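**Student:** Residues per chain, in single letters:
6 protein chains.
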Amino acid sequence: MKVAASRKEHFNAAHRLYNPQWNDEKNSAVFGKCSNPNFHGHNYEVIVSVIGEPDPDTGYVFDMKLLSDLITEHVLTKFDHKNLNLDTIYFQNLNPTAENIAIVIWRILRQHIDSKYELKIKLYETERNCVEYPAH
Amino acid sequence: MKVAASRKEHFNAAHRLYNPQWNDEKNSAVFGKCSNPNFHGHNYEVIVSVIGEPDPDTGYVFDMKLLSDLITEHVLTKFDHKNLNLDTIYFQNLNPTAENIAIVIWRILRQHIDSKYELKIKLYETERNCVEYPAH
Amino acid sequence: MKVAASRKEHFNAAHRLYNPQWNDEKNSAVFGKCSNPNFHGHNYEVIVSVIGEPDPDTGYVFDMKLLSDLITEHVLTKFDHKNLNLDTIYFQNLNPTAENIAIVIWRILRQHIDSKYELKIKLYETERNCVEYPAH
Amino acid sequence: MKVAASRKEHFNAAHRLYNPQWNDEKNSAVFGKCSNPNFHGHNYEVIVSVIGEPDPDTGYVFDMKLLSDLITEHVLTKFDHKNLNLDTIYFQNLNPTAENIAIVIWRILRQHIDSKYELKIKLYETERNCVEYPAH
Amino acid sequence: MKVAASRKEHFNAAHRLYNPQWNDEKNSAVFGKCSNPNFHGHNYEVIVSVIGEPDPDTGYVFDMKLLSDLITEHVLTKFDHKNLNLDTIYFQNLNPTAENIAIVIWRILRQHIDSKYELKIKLYETERNCVEYPAH
Amino acid sequence: MKVAASRKEHFNAAHRLYNPQWNDEKNSAVFGKCSNPNFHGHNYEVIVSVIGEPDPDTGYVFDMKLLSDLITEHVLTKFDHKNLNLDTIYFQNLNPTAENIAIVIWRILRQHIDSKYELKIKLYETERNCVEYPAH
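These protein sequence lines map, in sequence, to chains A, B, C, D, E and F.
Count the first sequence with this note's numbering and you get residues 31 to 166, in order.
Count the second sequence with this note's numbering and you get residues 31 to 166, in order.
Count the third sequence with this note's numbering and you get residues 31 to 166, in order.
Count the fourth sequence with this note's numbering and you get residues 31 to 166, in order.
Count the fifth sequence with this note's numbering and you get residues 31 to 166, in order.
Count the sixth sequence with this note's numbering and you get residues 31 to 166, in order.
These aren't lab readings, by the way, just hints derived from the structure by calculation.
Being a predicted model, the structure only gives us computed values, none of them experimental.
Do not take every clue at face value.
Same chains, same names: a pair is fine if it fits in one copy or spans any two.
Unchecked claim - Mimicking BS3-like on lysine-lysine, the simulated pairs with C-alpha atoms at most 25 Å apart in a straight line are:
no. : residue 1 : residue 2
1   : Lys108    : Lys152
2   : Lys95     : Lys152
3   : Lys95     : Lys63
4   : Lys95     : Lys56
5   : Lys108    : Lys56
6   : Lys150    : Lys56
Turn these sequences into a full structure, and let the hints steer you where they fit.
**Tutor:** Have a look at this one:
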């Protein structure tokens, strides 16, 4: 049986939900106040889980210090204290919903974590709203 | 791979654990202080997860505002500031344990959420006790 | 300068807000759903702070184990898994608002804690509503 | 002795720290990444405390439902899902630091709460950074 | 469909990460400050989940009071306010990483919980680091 | 009126409560399991509050980045992943109770924060036990 080892980090970012193929009226109807043209923001909490067998020499599935460093280097430096729509390459043509942010983080980190490990992302946009990818 | 999108809501309710087929002595032996005849109560936290594919137009698996409205309309208006045993139709013949409350909430919401989505309920009765349905 | 030492405990209780000098209509107008005749309930969290000088021999202002025991004996055994209106002597003629519950707990514990210490009670009725007595 | 009664609410907003009398270099030196020109954002939590004597008829210092409504009407509708710098009148010439946001909220609510009550604002900008006004 | 019922408990313990087959230099290189020779410590939170069908007579998957008692008797009395390396039999030859602590707790409790139930352990070493066993 | 600005940090440490002027029996009678000879440990959370007037140019009472750096340099590097009794100079002759740890942190930081500011320390030893210095 495998063990999941998880690390929580956070970033503070501005964003706006917006589909450029729709007019402002439709964006406002679908996304409500989340589509405010001047943006709003969140304290995002991201929990990254790496699933595998503990190494017999260390007792670690994955070194949490290393996982924290990978998240910092590849995610936080790009997203923390940024405008997700304007300051990142990832959401130029992709709506920065919690779902899409989680999928983007998964794709970024997947390149830096050996494929022998499963990878899961849980993202809290607020204390009440969160997403998990993949769901199972 | 699918995404789980989750919304947390809460309700404050009174309840009493009690099996009408048992006498008071047996109810007290099995349920302890949870069977206090004059009821006790909890701040219940319910986390509803909807699992599916993000919609390509919105980036949402499910609109969290709509999910919140569905929970409010179909669950909170029935359970919040109520006595679960006396004020609801669901626990007239069903013991209002956390397990049964979660199953009842799942059955209520299942009727209002398209079957293309999986549905999960996590219910905290206290900070230390919670249940999840279905478990997998 | 003095140190405040605080211990958090909790109890789960049913209650109803109700002024017996008012008719049902007025109770409902003033207290809303908190006046539901069949009660509702909460997971109350109570934080008891004792303020004084650390003892030079122990380094304690007050032994937290002893404080926990005092709260358990004099408060939790009376309030936990009870109906505050029906099962306690304190709220027979006193409305069990958070304010009044905090004052009652302060009066109970004041008798068991040496007057050389200041005593403060913070009571969370929900995660969003709390009271503190005395305020300063 | 008085009782403090507190209500927690939240709003999600974008902001940027910036002193218009300084050039970009100095703003960046003083405010670091908090001065990102395209803004960043937070889930702000605001705890409003009203301090006074419990009313003998209700047992309330202040009706928490009414306090929640006042915060919603006078603060949340102005700040929630907004850009504090661009979308509000309060921070056109005032840097939206946590300190200044708390003082602004205090001044707004002070006009709607009877002067017989003391008023305090605690504002969490992140889980790790918060301010309280007035401090005593 | 089955229900998962979970109970959270905690213990406060000292530990040191150390592989006796490595010299001090290598232990320090791999485990960093977690290998401090004089130990450090944590407030561990352990969430034990029992998965099964609710009993039709009680509405319980598993009595949370009984689960709490089992955790206390078989885990907390051995680990709480102890040095995991020096005061327990489990980590004499096993590095007390979060992964290994979770596996040890699973093996201990597995002997006391009927095999008709699935069993899962989630262990928080800090608010930011946690493990889950089994992962699925 | 002044503003309090607060920063939360944490450290993980081992400690043992022990009065060298008492024999083991008395230490055990007074401190119970907290006097375990091989130590136990905690995730300490420390909240440092600086009280003063917001600077008109920055809107800050105190730069939270600078406060975090001061806490890290003068407190965390000395206490984090250490044995408070054996690895620090502060508790060679002082019992490392929460009260004494808070007073020591206050004395350390007082030297690095201008006397025009008031300084307060709140220290959580566990989620349930905390101290505040000074109390007022």
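**Student:** Against each hint, give a clear statement of whether it holds in the structure.
**Tutor:** Evaluated hints:
no.: 1; hint: Lys108 / Lys152; in the structure: within (18 Å within a copy, 30 Å between copies)
no.: 2; hint: Lys95 / Lys152; in the structure: both (19 Å within a copy, 19 Å between copies)
no.: 3; hint: Lys95 / Lys63; in the structure: between (38 Å within a copy, 11 Å between copies)
no.: 4; hint: Lys95 / Lys56; in the structure: between (45 Å within a copy, 16 Å between copies)
no.: 5; hint: Lys108 / Lys56; in the structure: between (30 Å within a copy, 23 Å between copies)
no.: 6; hint: Lys150 / Lys56; in the structure: neither (33 Å within a copy, 31 Å between copies)
Going through the hint list in order, the structure does not satisfy hint 6, though it satisfies all others.
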